[in-house]
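**Student:** Below, each chain spelled out in residue letters.
4 protein chains.
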Amino acid sequence: MIIVLKAGATPEEIESVVGRIRQAGLEPQVLRGTERTVVAALGDERLLQSVPLATLAGVEEALPILAPYKLASREFKHDDTTISLGNLVIGGKKIVLMAGPCSVETQDRLISIAESVKAAGATILRGGAFKPRTSPHAFQGLGEEGLEYLSEARRKTGLPVITEIMDPRDLPLIMAHADIIQIGARNMQNFRLLSEVGAQREKPVMLKRGLSATLKEFLLSAEYILAAGNTQVMLCERGVRTFETETRNTLDLSAVPVLRKLSHLPIIVDPSHAVGKSCFVAPMAKAAVAAGADGIMIEVHSHPQEAYCDGDQAVLPADFTRLVGQMRRIAQAVDREI
Amino acid sequence: MIIVLKAGATPEEIESVVGRIRQAGLEPQVLRGTERTVVAALGDERLLQSVPLATLAGVEEALPILAPYKLASREFKHDDTTISLGNLVIGGKKIVLMAGPCSVETQDRLISIAESVKAAGATILRGGAFKPRTSPHAFQGLGEEGLEYLSEARRKTGLPVITEIMDPRDLPLIMAHADIIQIGARNMQNFRLLSEVGAQREKPVMLKRGLSATLKEFLLSAEYILAAGNTQVMLCERGVRTFETETRNTLDLSAVPVLRKLSHLPIIVDPSHAVGKSCFVAPMAKAAVAAGADGIMIEVHSHPQEAYCDGDQAVLPADFTRLVGQMRRIAQAVDREI
Amino acid sequence: MIIVLKAGATPEEIESVVGRIRQAGLEPQVLRGTERTVVAALGDERLLQSVPLATLAGVEEALPILAPYKLASREFKHDDTTISLGNLVIGGKKIVLMAGPCSVETQDRLISIAESVKAAGATILRGGAFKPRTSPHAFQGLGEEGLEYLSEARRKTGLPVITEIMDPRDLPLIMAHADIIQIGARNMQNFRLLSEVGAQREKPVMLKRGLSATLKEFLLSAEYILAAGNTQVMLCERGVRTFETETRNTLDLSAVPVLRKLSHLPIIVDPSHAVGKSCFVAPMAKAAVAAGADGIMIEVHSHPQEAYCDGDQAVLPADFTRLVGQMRRIAQAVDREI
Amino acid sequence: MIIVLKAGATPEEIESVVGRIRQAGLEPQVLRGTERTVVAALGDERLLQSVPLATLAGVEEALPILAPYKLASREFKHDDTTISLGNLVIGGKKIVLMAGPCSVETQDRLISIAESVKAAGATILRGGAFKPRTSPHAFQGLGEEGLEYLSEARRKTGLPVITEIMDPRDLPLIMAHADIIQIGARNMQNFRLLSEVGAQREKPVMLKRGLSATLKEFLLSAEYILAAGNTQVMLCERGVRTFETETRNTLDLSAVPVLRKLSHLPIIVDPSHAVGKSCFVAPMAKAAVAAGADGIMIEVHSHPQEAYCDGDQAVLPADFTRLVGQMRRIAQAVDREI
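In order, the protein sequence lines correspond to chains G, R, Z and S.
149 is the number that numbering that gives the first Met the number 0 gives to position 150 of the first sequence; each next residue is one higher, with no gaps.
293 is the number that numbering that gives the first Met the number 0 gives to position 294 of the second sequence; each next residue is one higher, with no gaps.
286 is the number that numbering that gives the first Met the number 0 gives to position 287 of the third sequence; each next residue is one higher, with no gaps.
35 is the number that numbering that gives the first Met the number 0 gives to position 36 of the fourth sequence; each next residue is one higher, with no gaps.
Any given hint could turn out to be false.
When chains are identical, the list treats them as one kind, so a pair holds in a single copy or across two.
Once the Cα atoms are required to be at most 25 angstroms apart in a straight line, the calculated PhoX-like pairs of lysine-lysine come out as [as the list claims (entries may be wrong)]:
| # | residue 1 | residue 2 |
| --- | --- | --- |
| 1 | Lys260 | Lys117 |
| 2 | Lys260 | Lys76 |
| 3 | Lys276 | Lys5 |
| 4 | Lys5 | Lys260 |
| 5 | Lys69 | Lys276 |
| 6 | Lys276 | Lys76 |
| 7 | Lys155 | Lys76 |
| 8 | Lys155 | Lys215 |
| 9 | Lys276 | Lys215 |
| 10 | Lys260 | Lys276 |
| 11 | Lys5 | Lys215 |
| 12 | Lys5 | Lys76 |
| 13 | Lys117 | Lys5 |
| 14 | Lys202 | Lys155 |
| 15 | Lys5 | Lys69 |
| 16 | Lys202 | Lys5 |
| 17 | Lys260 | Lys93 |
| 18 | Lys215 | Lys260 |
| 19 | Lys93 | Lys5 |
Simulated from the structure, these hints should not be mistaken for lab results.
Please construct the entire structure, taking both the sequences and the accompanying hints into account.
**Tutor:** Shown next as structure tokens:
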């Protein structure tokens with residue numbers, strides 16, 4: 000931590016900053032410059048996290064120099080984390096493809112979509128049973144019934160299943176049906192949910208970035224899951240909120256290389272929610288592969304005009320098949336596989 | 000809903016749009032212009048909410064013309080909602096002042112702060128027992144113990160208490176101690192929490208706007224609470240996320256007149272979380288009164304440099320006393336009272 | 000400047016950083032911590048401004064500790080700047096009111112609006128002759144003819160005139176007619192324009208904040224004008240771009256206290272462009288007075304439904320008269336005058 | 000245009016809306032719904048552009064249904080625009096690579112960089128002689144001297160040259176040296192500059208998207224150039240401003256497919272300015288190729304640690320060579336060429 004003092008800070012004020020740092024267990028160093036005095040507290044900055052240094056008299060600002068997360072950082076764990084799921088490996092050379100409908104609707108339709116995405120090359124089936132919907136008047140998901148349909152679809156196709164949890168009380172139910180537990184963008188800072196999902200160490204977790212979360216906050220939310228004991232965490236970029244309205248959100252693909260540098264966790268990209276219109280999904284999925292994503296999550300629906308939820312952004316099975324072929328070529332061009 | 004067709008839409012495509020609208024129970028009107036054909040579906044647009052019109056062949060976009068919320072709208076309820084709490088009225092001529100520490104720390108300190116804010120003119124005591132913290136390594140609140148301190152502070156001062164709920168499972172506990180239940184910015188789209196807090200009709204609820212929530216989304220979240228049965232909802236603007244870094248967030252004071260026009264619910268402003276630095280709280284609190292807020296929520300701490308949480312933004316009791324005097328003069332200037 | 004080195008930085012890399020800092024004329028101090036080594040370069044950071052320290056091997060990041068602007072800072076000039084214009088003082092106890100139409104349309108209408116705003120209490124007449132319009136198909140302003148109308152309105156009413164410059168080549172023309180030269184939001188980083196308007200020292204300049212300009216960038220743009228020699232600069236907050244669409248832009252009123260702390264220059268607020276709808280102008284104008292603005296700029300039009308430009312946000316003369324009365328009461332409540 | 004009336008709009012108010020639309024030359028159609036009355040004005044909406052419909056009594060809002068730009072739209076010109084430059088074609092199957100230093104520094108260094116980027120596969124040389132710098136204390140470019148160095152570099156290497164114009168008065172000078180005229184992000188709404196650069200029809204123009212410009216505004220700025228007569232316009236996405244600070248700006252790659260749909264103009268992507276750190280340039284350049292860009296602009300510098308400007312984001316010639324090889328493989332994977 001670097002504590003910058005105000006232009007006219009008194010010796011007593013400087014002494015008081017020095018005292019607070021010592022009290023927190025760090026060794027302060029005082030630097031006197033021509034324009035400002037600065038106090039540096041090098042060491043584990045987390046010790047200073049709850050000290051409101053900026054409130055001390057004479058202090059202008061406190062600049063952290065270390066990342067506030069630890070377990071999620073590449074400094075803590077240098078090698079890429081890989082997550083095994085049967086004979087799938089997430090975070091390895093092979094890029095995983097998660098595909099399926101936004102929400103689970105009927106058993107038949109789900110199985111039919113699951114079969115087509117599997118045939119096209121998808122390795123994981125996505126489908127929501129609990130749906131976070133902006134409006135209380137919108138379809139909220141089938142709940143447990145939807146989870147059972149997902150289990151049945153897995154039995155029929157062999158595809159592992161990813162589905163979203165919205166409430167810690169649903170954890171036993173979700174664990175009974177899901178292979179990967181998804182925490183959605185709107186729950187990225189539902190800290191109880193993060194901790195409880197993290198406390199089970201059996202199932203991997205995919206955490207989506209919040210609509211206005213910085214990458215630092217995103218990694219701190221991953222840190223909640225890791226700190227609770229679950230090391231099988233993957234990060235999912237799904238678009239952030241900006242002023243642009245032609246797309247539903249703005250896909251921040253630079254998150255891929257930035258997260259790669261800051262963290263060891265696998266990185267998934269969901270272009271469907273980011274762009275919100277099916278015609279823009281394919282170019283962004285391809286771009287995500289080129290940017291270095293470890294997995295791509297895409298909404299596929301056989302009858303988008305009858306979808307209960309987000310039909311506007313679902314691609315047709317035939318279009319998905321074509322897209323997988325294109326992504327495969329790009330994967331090869333960046334020395335990956337699909 | 001106005002459905003704009005693509006430039007070369009075929010008669011069959013137009014017919015299919017017309018069919019879907021009829022099927023949803025609305026009467027479509029087809030308008031042929033020199034450049035585009037447009038289909039208007041006037042009536043209760045909520046019937047079309049789950050119809051993915053934009054996926055239909057030939058459709059360019061679907062423009063809603065009604066607000067997606069109903070119970071929260073001023074069209075639904077013309078007169079301002081007021082909420083009574085003992086002999087306090089929220090949403091009336093008198094502006095309510097909620098003040099207290101960010102988090103409850105010790106019994107003594109809480110009571111001492113509660114007594115000073117009461118003496119200064121505050122009418123409601125704020126204090127967090129469950130704290131949503133960005134980092135898992137930060138202080139997470141005292142939990143039940145903190146709630147008991149709040150109850151004790153109410154007994155001592157007579158001030159009603161507002162405190163945050165983070166998990167529906169804490170509802171009985173929170174109800175036992177709080178007079179107003181606060182739903183924080185990070186939980187604005189925790190829809191289960193909204194519904195369950197809404198299902199109890201005994202205690203009023205203050206809903207904070209999410210960091211990147213549009214006012215439409217904010218009102219849709221209020222709609223969740225209203226739809227569950229609780230009509231005593233107040234809205235709280237607390238700053239949105241922008242690119243500016245001199246303040247923690249950017250207080251969107253224009254939300255006050257906009258919400259006033261769109262909704263009948265009382266409007267509270269929390270400048271403390273928005274600006275994040277104590278020196279900017281007073282001007283923004285005064286501006287909020289001038290903009291027409293029904294209540295102001297301010298963090299006050301007797302020893303901010305020892306605060307467990309957000310000490311940087313807490314004002315001292317003496318500064319709060321001075322601020323109340325200034326706000327009172329502004330309240331009078333806009334024909335309100337404090 | 001604080002240069003944070005990477006975890007495994009070598010002695011040679013540290014030495015190279017030290018060398019570059021010495022070369023720039025500053026005295027580096029090397030701090031070795033348990034987790035990182037840090038090099039501090041205290042003194043005039045502007046000497047390091049063009050040194051790309053982050054490109055040096057072993058460097059993780061370079062954190063500035065001083066503001067990058069100097070002439071605009073309160074450290075450079077402690078006392079508030081006031082600008083005299085006849086017997087008006089901008090930045091003093093009395094708040095100035097700039098009012099008038101968005102664009103100058105006809106001589107008669109301009110004079111009639113000028114007379115009404117003067118009668119209501121406005122002290123400066125606003126009106127655009129050169130209009131920056133998003134679309135090339137929109138009305139672009141009357142140009143020189145508009146400037147002549149403004150001069151005539153000043154003769155008739157005695158009100159000094161503020162009008163916008165869009166091109167340095169118009170400077171002689173604008174100087175011949177305007178009392179204050181306005182640089183609009185879209186030109187906040189038109190650096191040539193800033194320098195040339197700054198090079199004339201006769202007329203004060205009002206600089207508007209760009210739609211996505213941080214306050215630091217805003218002050219750096221003011222620095223261009225100051226560095227060119229003109230010290231009579233006032234800053235104008237007019238709303239920033241966010242995701243919210245209920246208002247045209249989002250008025251960042253916290254800019255008022257923040258700029259007051261960082262700079263000595265007078266601060267004007269333009270609520271009209273920020274909210275974009277006439278019904279929201281009055282509450283935000285009042286809030287701006289309460290927040291501490293030195294001046295308020297408001298669009299007033301006698302026939303908004305016939306305005307050539309931005310009619311949606313113009314208030315009627317009668318509404319402006321009422322608003323001035325309300326602002327006056329708030330000004331008194333914050334120990335100012337109108 | 001769809002004009003939505005307020006819930007209780009009177010027949011007179013409706014009649015007045017109808018009158019204004021007729022007066023503008025369009026044929027209004029009145030639709031009466033159960034909840035609202037709506038007036039549709041189908042035809043050339045640009046006729047209504049300067050009519051402030053929202054100010055009319057009884058009007059709630061006016062929703063445009065056509066794009067506000069025309070010449071830039073794909074509806075106006077269905078086929079992709081291609082721009083020829085010697086034997087280069089921009090907007091064809093082959094992706095153009097623009098590379099070079101941020102600013103021109105010395106003749107020798109420029110030629111040496113130009114030779115390396117040419118050897119690596121670049122087809123256009125970039126370099127700034129006039130530099131828009133946030134701070135007046137930063138290096139502002141060599142001006143005419145820099146332009147002469149660019150001309151000399153073209154003579155030596157045969158590479159056409161792109162350079163930025165900041166002031167219409169420099170147009171003759173820029174035209175004498177540049178093959179493509181660049182308008183930078185900060186000047187995207189410098190409307191005079193757009194018009195004057197557009198009025199010369201000899202040299203193609205590359206327009207960069209402003210930091211907070213919507214794609215609609217971006218295309219309206221392109222419309223200024225097109226309307227002035229120059230049809231050789233290319234669009235450049237270079238990152239928008241968001242809340243994220245790990246990257247300088249946020250590269251909005253979805254702009255590529257969206258602009259492709261809305262417009263016929265070639266699309267260039269500049270990842271260097273968007274990410275601001277050299278280590279993130281390569282993945283985003285590759286992603287841009289996969290997303291469908293027609294050209295990539297990259298800052299390359301042989302000695303970034305000595306660069307006068309933006310050294311942090313420049314890649315080394317050797318890294319650029321490797322990147323071109325990777326982009327070429329991706330180009331083939333999407334049926335393009337480099």
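**Student:** Find the hints from earlier in the document that the structure breaks and name them by number, from lowest to highest.
**Tutor:** Violated hints: 1, 7, 8, 13, 16, 19; rest satisfied.
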